[in-house]
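Participant: For what it's worth, the working numbering labels the leading residue of the sequence shown as 156, then goes sequentially.
Among the hints, a few may not be true.
[Claimed, not checked] Here are the simulated DMTMM-like cross-link-like pairs (lysine to aspartate or glutamate), alpha carbons at most 20 Å apart as the crow flies:
| no. | residue 1 | residue 2 |
| --- | --- | --- |
| 1 | K221 | E180 |
| 2 | K163 | E213 |
| 3 | K164 | D236 |
| 4 | K164 | E212 |
| 5 | K237 | E225 |
| 6 | K237 | E178 |
| 7 | K237 | E180 |
| 8 | K221 | E178 |
| 9 | K163 | D220 |
| 10 | K163 | D236 |
[Claimed, not checked] Here are the computed distance ranges between Cβ atoms for each label pair:
| no. | residue 1 | residue 2 | range |
| --- | --- | --- | --- |
| 11 | A200 | R161 | 23 to 31 Å |
| 12 | R161 | F182 | 29 to 37 Å |
| 13 | V169 | Q208 | 12 to 20 Å |
Hint data in this document are derived by calculation from the structure and do not stem from the laboratory. Where a beta carbon is used, it is the ideal one built from N, C-alpha and C, also for glycine.
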Amino acid sequence: MIPLARLKKALEEVGGYIWFYIELEPFRTVYTLALCGGAPCVVVAGQDMSPVQMSIEEYLRFETDKRRLESFWYTIRYLLDKVYAHST
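With the sequences and hints as input, model every part of the structure.
Facilitator: The following block contains the structure:
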């Protein structure tokens with residue numbers, strides 16, 4: 156379970172977004188953890204597509220790539236640790 160209120164604060168602390176995965180082949184695609192309308196979300200954008208914005212819950216329902224999921228969870232842990240380690 157992701158503490159969304161804490162994640163929102165952590166994203167605000169780093170400017171509202173952070174890339175968590177960049178795919179170079181077959182097309183450059185960037186996966187971003189961001190704030191969308193004030194709520195944490197995932198934005199997927201690439202050279203061959205318009206940006207797609209979805210809730211974290213939606214993203215986790217369809218994502219099956221282990222590398223992207225590992226990077227997603229690593230980024231969330233990093234953000235929460237970084238922001239909350241400095242606030243204590």
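Participant: If a hint holds in the structure, say so; if it doesn't, say that too.
Facilitator: Here is how each hint holds up against the structure:
no.	hint	verdict
1	K221 to E180	16 Å, holds
2	K163 to E213	17 Å, holds
3	K164 to D236	12 Å, holds
4	K164 to E212	18 Å, holds
5	K237 to E225	18 Å, holds
6	K237 to E178	25 Å, violated
7	K237 to E180	31 Å, violated
8	K221 to E178	13 Å, holds
9	K163 to D220	24 Å, violated
10	K163 to D236	13 Å, holds
11	A200 to R161: 23 to 31 Å	25 Å, holds
12	R161 to F182: 29 to 37 Å	34 Å, holds
13	V169 to Q208: 12 to 20 Å	18 Å, holds
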